[in-house]
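**Student:** Sequence:
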Amino acid sequence: MDRRRRKATEALKVGVKAGKEVMVVAALALGGDPNISVWDDGAQESRSMLTLAARLGHSHLVPHLLAAGLHVDGSGECHTPLHLAAHYGHDQVVKELLRDTPHLEARIDFGKTALRVAAEEGHQRCVRTLLSAGADPNARDHEDRTPLHLAALCNHSAIVEDLVTDDRCNLQALDINNDTALHYAAIGGGMETAQYLLEVGLNLNAKGSLGYTPIDQAKMEGHHLLLWWLMKQPQAVVETPRGKIEKDCWDYHEGDYWLMSKWIREEDLDAIIGSVPLLLDSHQQDDAGMTILHHAAQLGVTRVVRLLLEECKVYPHAVTWAGDTPGDLAQQKGHLQVLNILHRHQPQVITVQV
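In UniProt numbering, the protein residues as written are 1 to 354.
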């Protein structure tokens with residue numbers, strides 16, 4: 001590559017990262033190579049220029065990069081440009097990519113389609129755009145979950161309604177455990193979604209292959225408000241004994257709890273915030289009654305304690321079977337900085353004068 005073209009390629013990289021259309025057009029005209037990978041500072045990995053533009057939401061660059069010969073589905077990376085645009089909610093990028101007929105049903109890790117990603121992340125405009133373009137609302141991931149299952153899990157009720165009202169959508173779709181979207185709404189604690197799914201005909205008493213109904217799932221995950229509402233329904237049947245549910249709940253989550261404890265010790269903040277509540281309910285208690293906040297407080301990891309309180313909204317006053325709060329454990333271990341953080345999250349006392 002000659003000196004002039006190298007300079008044009010460097011300018012092209014800068015232009016794509018910064019979203020500068022004039023620079024990109026000029027660099028391409030001067031022979032800049034669009035096939036060179038670009039380092040993505042946010043994801044800490046190399047990407048094709050089109051994939052990076054899609055992640056950053058630079059919809060105005062997409063036509064130029066496609067015209068320069070880049071493939072609409074990327075260059076064999078883990079994520080296609082369409083997946084990344086859907087993940088980050090860049091609807092205009094999705095629309096620009098659709099003009100070049102991308103592979104709508106391409107799968108990335110765990111069998112996710114772009115529609116599945118948009119539904120899980122809560123990007124309604126992207127969901128609507130992809131459905132209008134013909135994306136399959138019944139596409140299955142590696143656990144046979146459809147976009148409806150994931151939207152229900154995350155309580156994206158507006159997206160659930162968009163999917164259900166699509167004539168192609170299988171409302172009764174079952175995952176690998178024979179769980180319906182209503183089971184997933186119960187697992188996620190989504191009141192609005194659960195109410196809507198009951199209205200459109202899902203069975204409150206349907207049992208998955210593990211024998212649990214949506215009521216059982218809400219009970220296992222500790223979603224008490226949703227549980228109360230579900231049990232008020234005239235068709236509700238409660239069969240599973242509470243003791244069995246509590247034991248099964250701990251057996252089911254023990255591995256996840258161990259993994260979360262490992263991330264707490266390592267202070268892996270990204271892993272923690274990415275897994276609460278989808279992997280583990282932050283208020284799940286181990287066999288000693290300790291939540292993940294108890295563990296973080298006992299270890300004295302201030303960054304994790306702050307993250308759990310401020311980002312994950314973990315209740316700071318849960319008690320162990322022995323009656324200890326996270327603050328009690330921090331005090332016992334002499335972690336004064338953690339104790340101060342916990343004290344700042346004490347509930348406000350409102351005095352009403354009569």
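There may be inaccurate statements among the hints.
[What the hints assert, rightly or not] Below, simulated DSSO-like cross-link-like pairs (lysine-lysine); rule was C-alpha separation at most 27 Å, straight line:
(1) Lys-207 with Lys-244
(2) Lys-232 with Lys-262
(3) Lys-7 with Lys-20
(4) Lys-7 with Lys-17
(5) Lys-313 with Lys-262
(6) Lys-232 with Lys-207
(7) Lys-333 with Lys-244
(8) Lys-244 with Lys-232
(9) Lys-207 with Lys-262
No lab work stands behind these hints: they were computed from the structure.
**Student:** Any hints this thing doesn't respect? Which numbers, in order?
**Tutor:** 2, 7, 9
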